[in-house]
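**Student:** Here is how the chains run, residue by residue.
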Amino acid sequence: MDTVKYLNDTIVRLEELLYHELSGCASWKVEFVGIDFIQSKNIQGKTLDEIVTKCIKEIKAEGLVKDISYLVGGKGVLLKLNIKNCIHLPKEARLKKNGVAPYICPITNMIIDQIIEKLKYETSYVAKLDIREDAGECTVFAAVYETPEKIGEVSDWTQYE
Amino acid sequence: MMDILEVLTSRKSIRRYKPDAVPDEMLDKILEAARWAPTGENYQPWRFIVIRDPETKKKIGALAKQGSGSRMTAWQCLGEMQKRFEEIKDPVKRAEVLRFMYSGEVSEFAKNAPVVIAVIGSLMEGSVDVPYDLSAACENILLEAHSLGLGACWVHGPVASSRDARRFKRILKIPEGMGEYKVIAYIAIGWPAEARKHPRPKKALEDIVYWEEFGRKERP
Chain A
54 MDTVKYLNDT
64 IVRLEELLYH
74 ELSGCASWKV
84 EFVGIDFIQS
94 KNIQGKTLDE
104 IVTKCIKEIK
114 AEGLVKDISY
124 LVGGKGVLLK
134 LNIKNCIHLP
144 KEARLKKNGV
154 APYICPITNM
164 IIDQIIEKLK
174 YETSYVAKLD
184 IREDAGECTV
194 FAAVYETPEK
204 IGEVSDWTQY
214 E
Chain B
29 MMDILEVLTS
39 RKSIRRYKPD
49 AVPDEMLDKI
59 LEAARWAPTG
69 ENYQPWRFIV
79 IRDPETKKKI
89 GALAKQGSGS
99 RMTAWQCLGE
109 MQKRFEEIKD
119 PVKRAEVLRF
129 MYSGEVSEFA
139 KNAPVVIAVI
149 GSLMEGSVDV
159 PYDLSAACEN
169 ILLEAHSLGL
179 GACWVHGPVA
189 SSRDARRFKR
199 ILKIPEGMGE
209 YKVIAYIAIG
219 WPAEARKHPR
229 PKKALEDIVY
239 WEEFGRKERP
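Protein sequence lines, in the order shown, are assigned to chains A and B.
Quick note on the numbering used here: the first sequence kicks off at 54 and runs consecutively.
Quick note on the numbering used here: the second sequence kicks off at 29 and runs consecutively.
If you're looking for bench data, these hints aren't it; they were derived computationally from the structure.
Note that the coordinates shown come from a computational prediction; the quantities given were computed from them, not determined experimentally.
Hints should not be assumed to be uniformly reliable.
Simulated pairs of lysine-lysine, BS3-like, Cα-Cα distance not exceeding 30 Å [as the list claims (entries may be wrong)]:
no. : chain 1 : residue 1 : chain 2 : residue 2
1   : A       : Lys-150   : A       : Lys-107
2   : B       : Lys-210   : A       : Lys-181
3   : A       : Lys-171   : B       : Lys-111
4   : A       : Lys-173   : A       : Lys-150
5   : B       : Lys-117   : B       : Lys-230
6   : A       : Lys-128   : A       : Lys-58
7   : B       : Lys-111   : A       : Lys-128
8   : B       : Lys-111   : A       : Lys-203
9   : A       : Lys-128   : A       : Lys-181
10  : B       : Lys-111   : A       : Lys-150
11  : B       : Lys-197   : B       : Lys-139
12  : A       : Lys-82    : B       : Lys-139
Input sequences plus hints: build the corresponding full structure.
**Tutor:** Here you go:
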């Protein structure tokens, strides 16, 4: 049995259903999806770079993705992730084909969870998922707010697109 | 007898309040109205937490500000907010509005409301309609408050994300289990300190009503 395909097909049905029930705010409610894996690892670090790097190492070691590169920009609010050959990419492709913009990225959720849990960041928001299934890549734009005062610190993220 | 349509069409979301207290008898009428909302199989899963403590309202206001601000800051950075408000032609005014939005201040008003009612629902009683029942109760609260001359605003944003909903539950000591209580919204209530432009544009009936089947606009 292809357990990855089975998992992705199952998530597709749930992701479609949740969107159908809640419309756009479905994406706001799924931030815990996927975090159990990373919480089972002993991620430690004192800086954003340390946490993100160690999360990526664990995620790659388990074969969930082939690679992840990232940058921090936009006054430290933007965390941009480029994810290559994620095991969930077929899920995203099927959702797009079905007319639902994919909004659950377990990989991003894992990394943000550890930023919040280990560095005590105030909050976060996954703002944009750009899926390029033909290239086997996804790009994620997430906002990570170290303190409440960082909310409202705007900049132009289109320069990172 | 006042036509209910007059109540419905004159209601507005009010986010600025005078500091005057809402009398208990008015609050009781509002809660009574909520109690009479339609509810599937008469389960009445709702519970209402009435909040008047300034410190608690301040915490809720801060959470609401953070919830809205965290999303809108990102939307602003991606250029989405600018498109949403491009109908405001004056660049200074537009910048003011945008800052008010992405700072999250747009949602902070609970801290200044004399009363905040958290609307939550039990997920443990067998009801299959909890979100819909709670939404009907929220609407009844808004309408009764308006009919009494009060202003109110239904706010979902601060409990929309899973982490924020958990924080909201902790502020009010609501059990946190995902199978226990759903928090759907809070409603801020007080004497209006603003007269919003009204009516706000509404879609024409011919644009939203179909007859007999989807898409058929001609009345048979």
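**Student:** Mind checking the alpha carbons of Lys-111 (chain B) and Lys-150 (chain A) for me, to see if they're no more than 30 Å apart?
**Tutor:** Cα-Cα ~27 Å, so holds.
**Student:** Just to be careful, I want the Cα atoms of Lys-128 (chain A) and Lys-58 (chain A) compared with a cutoff of 30 Å; is the pair within it?
**Tutor:** violated (39 Å)
**Student:** Taken at face value, is the distance from the CA of Lys-111 (chain B) to the CA of Lys-171 (chain A) at most 30 Å?
**Tutor:** violated (36 Å)
**Student:** Between Lys-111 (chain B) and Lys-203 (chain A), is the straight-line Cα distance small enough, at 30 Å or below?
**Tutor:** holds (23 Å)
**Student:** If you draw a straight line from the CA of Lys-197 (chain B) to the CA of Lys-139 (chain B), is it 30 Å or shorter?
**Tutor:** holds (17 Å)
**Student:** Holds or violated: are the alpha carbons of Lys-117 (chain B) and Lys-230 (chain B) at most 30 Å from each other?
**Tutor:** The hint holds at about 21 Å.
**Student:** Verify the proposed pairing of Lys-210 (chain B) with Lys-181 (chain A), using a straight-line Cα cut of 30 Å.
**Tutor:** holds (27 Å)
**Student:** Does Lys-173 (chain A) pair with Lys-150 (chain A) here, judged by a C-alpha cut-off of 30 Å?
**Tutor:** violated (38 Å)
**Student:** So if I understand the rule, the pair passes when the alpha-carbon distance is 30 Å or less; does Lys-128 (chain A) with Lys-181 (chain A) pass?
**Tutor:** holds (18 Å)
**Student:** Is the straight-line distance between the alpha-carbon of Lys-150 (chain A) and that of Lys-107 (chain A) 30 Å or less?
**Tutor:** Not satisfied, since the Cα-Cα distance of roughly 33 Å exceeds 30 Å.
**Student:** Are the Cα positions of Lys-111 (chain B) and Lys-128 (chain A) separated by 30 Å at most?
**Tutor:** holds (22 Å)
**Student:** Do the alpha carbons of Lys-82 (chain A) and Lys-139 (chain B) lie within 30 Å of each other, as the hint requires?
**Tutor:** holds (24 Å)
Violation of the numbered hints given earlier is confined to hints 1, 3, 4, 6; the remaining hints are satisfied by the structure.
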